[in-house]
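Asker: Sequence:
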Amino acid sequence: MTTRQEIIDRISDQDTAKVFKEVAGVSDINAITKGRTSTPGVYVFRLRRQAGANTAGTGVVQKVNDSYAVVIVEDTGRDTRGGDASDLIEAHCEQIQSALLNWIPGSGKRGLEYDGGRLVTIKGGRIFWQEIYTLPGNQIRQLN
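If you use our numbering, the sequence shown closes out at 198, no skipped numbers anywhere.
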């Protein structure tokens with residue numbers, strides 16, 4: 055199972071009140087902003103992979119950090135300014151943070167770390183907010 059799928063399962067399992075109508079994986083942000091989404095919904099994709107310096111003299115040993123975007127979509131309703139939806143997004147972010155912060159997926163050695171959040175867009179009566187969680191310090195190695 056991929057880390058992305060583990061994150062999806064973790065959010066779904068921790069959503070005991072079934073607040074989210076959909077928790078799913080996507081390929082990128084465009085799949086969410088230009089595709090079909092449910093509200094409130096959560097969509098997860100691997101955002102980036104950053105590698106540290108090679109520490110091996112012969113071969114390769116590197117620390118790798120994998121970052122995952124968790125995008126929350128909420129309906130703005132009749133509030134054209136999105137204030138009420140923004141409050142809901144904040145509550146959803148806290149719920150997701152409670153599920154993911156310092157949780158160790160099967161592929162990890164350490165717990166997920168929070169790496170920030172941002173407004174993606176407000177479009178078609180929906181607000182799109184992206185949170186980033188990073189799985190630090192996995193190691194790749196190929197020694198000769």
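These are calculated hints, taken from the structure and not from any lab test. One should not assume that every hint holds.
[What the hints assert, rightly or not] Lysine to aspartate or glutamate pairs mimicking DMTMM-like chemistry, simulated, CA-CA at most 25 Å apart: (1) K72 / E60; (2) K88 / D141; (3) K88 / D133; (4) K177 / E76; (5) K75 / D129; (6) K117 / E144; (7) K75 / E144; (8) K117 / D69; (9) K177 / D129; (10) K163 / D129; (11) K163 / D138; (12) K88 / E167; (13) K75 / D133; (14) K117 / E76; (15) K177 / D82; (16) K177 / E60; (17) K163 / D133; (18) K163 / E60; (19) K117 / D133; (20) K177 / E167; (21) K75 / D63; (22) K72 / D138; (23) K163 / E76.
Asker: Would you mind marking each hint as holding or not holding in the structure?
Answerer: Against the structure, the hints come out as follows:
no. : hint        : verdict
1   : K72 / E60   : holds, 18 Å
2   : K88 / D141  : holds, 23 Å
3   : K88 / D133  : holds, 21 Å
4   : K177 / E76  : holds, 19 Å
5   : K75 / D129  : holds, 12 Å
6   : K117 / E144 : violated, 32 Å
7   : K75 / E144  : holds, 17 Å
8   : K117 / D69  : violated, 32 Å
9   : K177 / D129 : holds, 10 Å
10  : K163 / D129 : violated, 37 Å
11  : K163 / D138 : violated, 38 Å
12  : K88 / E167  : violated, 28 Å
13  : K75 / D133  : holds, 21 Å
14  : K117 / E76  : violated, 33 Å
15  : K177 / D82  : holds, 17 Å
16  : K177 / E60  : violated, 29 Å
17  : K163 / D133 : violated, 43 Å
18  : K163 / E60  : holds, 14 Å
19  : K117 / D133 : violated, 45 Å
20  : K177 / E167 : violated, 29 Å
21  : K75 / D63   : holds, 14 Å
22  : K72 / D138  : holds, 20 Å
23  : K163 / E76  : violated, 29 Å
Hint check: violations occur at hints 6, 8, 10, 11, 12, 14, 16, 17, 19, 20, 23; the rest are consistent with the structure.
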